[in-house]
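J.: In case you want the letters, here they are:
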Amino acid sequence: MTRVIVITSGKGGVGKTTTSASISSGLALRGFKTAVIDFDVGLRNLDLIMGCERRVVYDLVNVINGEANLSQALIKDKHCENLFILPASQTRDKDALTEEGVEKVLKDLSHMGFEYVVCDSPAGIERGAVMALTFADEAIVVSNPEVSSVRDSDRILGILQSKSRRAIEGREPVKEHLLITRYAPKRVEEGEMLSYKDVQELLRVPLIGVIPESDDVLQASNQGTPAIHLKDSDVATAYQDVVARFLDEDRPLRFVSYEKPGILKRLFGGK
Amino acid sequence: MSLLSYFFGSKPKTASVAKERLSLIIAHERTSNRAPDFLPALQKELIEVISKYVNVGLDDIKVQLEKQDNCEILEVNITLPEQPQK
Ligand SMILES: Nc1ncnc2c1ncn2[C@@H]1O[C@H](COP(=O)(O)OP(=O)(O)O)[C@@H](O)[C@H]1O
Ligand SMILES: [Mg+2]
Chain U
1 MTRVIVITSG
11 KGGVGKTTTS
21 ASISSGLALR
31 GFKTAVIDFD
41 VGLRNLDLIM
51 GCERRVVYDL
61 VNVINGEANL
71 SQALIKDKHC
81 ENLFILPASQ
91 TRDKDALTEE
101 GVEKVLKDLS
111 HMGFEYVVCD
121 SPAGIERGAV
131 MALTFADEAI
141 VVSNPEVSSV
151 RDSDRILGIL
161 QSKSRRAIEG
171 REPVKEHLLI
181 TRYAPKRVEE
191 GEMLSYKDVQ
201 ELLRVPLIGV
211 IPESDDVLQA
221 SNQGTPAIHL
231 KDSDVATAYQ
241 DVVARFLDED
251 RPLRFVSYEK
261 PGILKRLFGG
271 K
Chain P
1 MSLLSYFFGS
11 KPKTASVAKE
21 RLSLIIAHER
31 TSNRAPDFLP
41 ALQKELIEVI
51 SKYVNVGLDD
61 IKVQLEKQDN
71 CEILEVNITL
81 PEQPQK
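Heads up: the sequence lines are chains U and P, in that order.
If you're matching positions, the first sequence starts at 1 in this note's numbering and goes up one per residue.
If you're matching positions, the second sequence starts at 1 in this note's numbering and goes up one per residue.
Honestly, the hints are just simulated from the structure, not real lab data.
The model shown is predicted, which means the values in this text are computed figures rather than measured ones.
Check each hint, because a few of them may be wrong.
Derived lysine-lysine pairs resembling DSS-like cross-links, with alpha carbons at most 27 Å apart [to be verified]:
id, chain 1, residue 1, chain 2, residue 2
1, U, Lys11, P, Lys13
2, U, Lys163, U, Lys104
3, P, Lys44, U, Lys163
4, U, Lys11, P, Lys19
5, P, Lys19, U, Lys175
6, U, Lys186, P, Lys19
7, U, Lys197, U, Lys33
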């Protein structure tokens, strides 16, 4: 059985692609045969984050249009044995993604023995975003502790609950998870940033993890290495925890509280 | 920021303002955006039925679906016109 996971948010720039890359890598590292699909038609980016941009020959729209078959378009990841990437098309034709086309691709992936398919959603609540969530079994809603992001997350939750196949067919609803990214415990402590508890209370979706704000993410994207692979990085550890929780393992939250530096450190500086 | 407020932390807590604003707008948008598709039709038919008996217009009937925890409440508000005294 294939599980389809959509990484979605409504708002752009909150960390969906970063999260898609790390979670799909994390699942593959755990031994699951995993595919990650870039649904951001027109703005292909996942290939860069995964470091496979120079190996893109065919894309999702080519497969849907029958110009290439799935195994020609899937790119084998360079870090993980069981991971394959299906890049987005650069076409500007917004109607290139059809529901039948996407459904067929997902069916074929299932026949090929993929256990997880991670769908990296584009921003917005238009066609591309709806297409990415239509066939989802589970949704990871990515939110930053910031007003517009939280509001947009709530909008996308409404869409999941009305436009997903599961909702339309009246089956068991899409399983929702909340992932808070770009979290700065110090600013939360100082009352400048919504806490993860605030966001969770507002959105009323079970929390799957909190990813700290970190320069490491830029380092990772510079190199085309998903952040979960970084050594000695809080972000990598936080994403590993998310994957563990996704697989029903118990992991306490980390990196959510700020240790106040002592008075000497405050006076004399230091990080 | 003054030195005093640096040490005693008297900055306004904008996070709590954010939370307050979000809880209001989210509650509002949940009721308006998640209204099921049949509400406008229901409203129209209600007007047809009610106007057989009293003189009401489109704006006199408000139909709203509200969600509270686990149950949904369908609220129908009908404003009757003032009856001329016989
Ligand atoms: N935890 C984080 N800490 C710091 N920067 C981050 C973090 N997560 C994402 N970013 C940065 O935010 C930007 C948007 O991330 P991206 O994953 O492309 O978002 P989206 O796919 O939602 O548009 C990128 O520049 C990325 O490097
Ligand atoms: Mg993206």
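J.: So, for every hint listed, does it hold in this structure?
T.: Consistency of the hints with the structure:
1. U:Lys11 / P:Lys13: Holds, at roughly 25 Å.
2. U:Lys163 / U:Lys104: Distance ~18 Å between U:Lys163 and U:Lys104 Cα, so the pair holds.
3. P:Lys44 / U:Lys163: 25 Å, holds
4. U:Lys11 / P:Lys19: 18 Å, holds
5. P:Lys19 / U:Lys175: Answer holds: P:Lys19 to U:Lys175 is near 25 Å, not above 27 Å.
6. U:Lys186 / P:Lys19: 18 Å, holds
7. U:Lys197 / U:Lys33: 34 Å, violated
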